Amino acid sequence: MEQMIRESKKREALGRMKKESIRNLCLGIVGIAGLLLLWDMVARFGIIPKNLIVSPWEVVKTLAIKMSDTKPEGSLLLAHITSSLIVALSGYALALLIGIPLGLLMGWYKAIDRLIGPVFEVLRPVPPIAWIPFTIIFLGIGLEAKAVIIFLSAFIPCLINSYSGIKLTNQVYVNVAATCGASRWETFCRVGIPSAMPMVFAGMRISLGNAWSTLVAAEMLAANKGLGYMILMGRTYGRVDLIMSGMVMIGILGIIFNAVFDRVERFVLRWRVTR
Amino acid sequence: MEGCKRDKVEVNHLCKSFGDLEVLKDCSFRIKDGDFVCVVGPTGCGKTTFLNLLTCLTEPTSGEILLDGERADPRKHNIAFVFQEASAFPWLTVEQNLRFGLEIKKKPKEYIDEQVNRIMKLMGLEAYRDSFPGELSVSTEQKVVIGRAFAMSPDLLLMDEPYGQMDVKVRFYLEDEVIRLWKELGSTVVFITHNTEEAVYLAEKVLVLSQKPTGVKDTVEVNLPRPRDIYSEEFIAIRNRITDEIKWW
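Going down the list, the protein sequences come from chains D and G. Residues in the first sequence are numbered from 1 upward in steps of one, following my numbering. Residues in the second sequence are numbered from 276 upward in steps of one, following my numbering.
Here chain D stands alone, though its shape is the one from the complex (with noise of 0.2 Å):
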């Protein structure tokens, strides 16, 4: 009988989310047409200057130019697309794979904490791109120094939110396993970092943000390829519509991500369910 029940309330959520789902993808949509309409008219009617902005149709006629051509600045879209993922997806796995663990260390172990987090708190503060003279002087302007400056970005949020997640763990949870006779080591593996995973995620959230925003600023390390170093270029040559475009294929990008990034999280946060 309860499992009827269930099954139905299942359903009626189930349901639920869909129709609410539908609803926010509609609002988003209408938000974004707002948008495009108002960058349009703004752009039309000359309320901004013509050689300061430009409408979102010739936005559409550079991307799909760029496909194809090199000029003006001697790569293809689709060139700049990869170049700019290679540099922000190593800094941001590299993040991730730093941050996290030392993160949730930190906050299940008190040793680990007391030695690492004076350092963390001098240099939290520290903007990432403060760090740029150093990292080119250290690692030269290749993919690593660019990737440092993004991990650098992403790598504070990662830490941040599992040392946070890791110590909000539930001390029932923690008994519970004591009792059964766990090691701390167990308790952590088996009990913390599973009870950590909520704001593990949300830190990964914020730390991919970080690392896509910091993408410019990376590439000004003497690039000649990227969606950044397009930005770049088309500011040297005065043209507005390949800094917009450049805008443009970041924010889709990151569209992109955040879609798959839901999924990913969706999946494994799939015990986050309510009664």
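Simulated from the structure, these hints should not be mistaken for laboratory data. In this text the structure is predicted, and so the values were computed from the model without any measurement. Any given hint could turn out to be false.
[Claimed, not checked] Ranges between beta-carbon positions, derived for each pair:
(1) Gly15/D x Lys492/G: 54 to 64 Å
(2) Arg404/G x Phe138/D: 46 to 56 Å
(3) Met67/D x Asp388/G: 50 to 60 Å
(4) Tyr109/D x Gln359/G: 53 to 63 Å
Heads up, the beta-carbon is just placed ideally off N, CA and C, and yes, glycines get one too.
Fit chain G to the known structure of chain D by using the hints.
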């Protein structure tokens, strides 16, 4: 029969203080193997501290707790605890929750499979095998927690007001479930409650605790047949006796 049973738990001169606050003072008692003991006492008398000491979650200030003649140690002994709060791991399915304690104890896979299937069947949880606790009703979630504790075939099962948050109907239902499991598996159970009716309904023996600093004020044997009739004269007489003993007003 009672005389044949060996001592499972021996508590000798147990004391616990938090700074100047003396919570437990010279508690001594024995629990026989396979007993169902309820612990009652006035609100705030230190019942939970008492259980935390038994599970070694807290160190006593002095005194000792022996399990099968050895100092109690969750790594060595099979101790299971059912807490007041919902404690099914939300990220594990019902089956994974039941396996948890056995996996920590590094039991062989075949044994774990067999034991988990047995408990699922006993508790009617088969339909929820792959469900997460968040998808279950509060009473079913508590059944998972109780099942997880019994799945370990614990030397000692400690339950800290596990039905405190539930309505009367669910409480009666789960009380019967616990009795059924206890009879089936023969574990030794220590059940903390502030509800004297629940204590008399469940226990073979009721330990009555005094006000702080807490000690064992009385031990009441409940030799009533099961299932117990809560309206019978004998039942009411024992319940009233215990209620009188825990009165502090």
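Do the hints match the structure? See the list:
Between Gly15/D and Lys492/G the beta carbons are some 57 Å apart, a value that agrees with the proposed interval 54 to 64 Å. With their beta carbons about 55 Å apart, Arg404/G and Phe138/D fall inside the hinted range of 46 to 56 Å. For Met67/D and Asp388/G, the Cβ-Cβ distance of about 57 Å falls inside the hinted range of 50 to 60 Å, so the restraint holds. Range check, Tyr109/D to Gln359/G: Cβ separation about 28 Å, and the 53 to 63 Å hint is violated.
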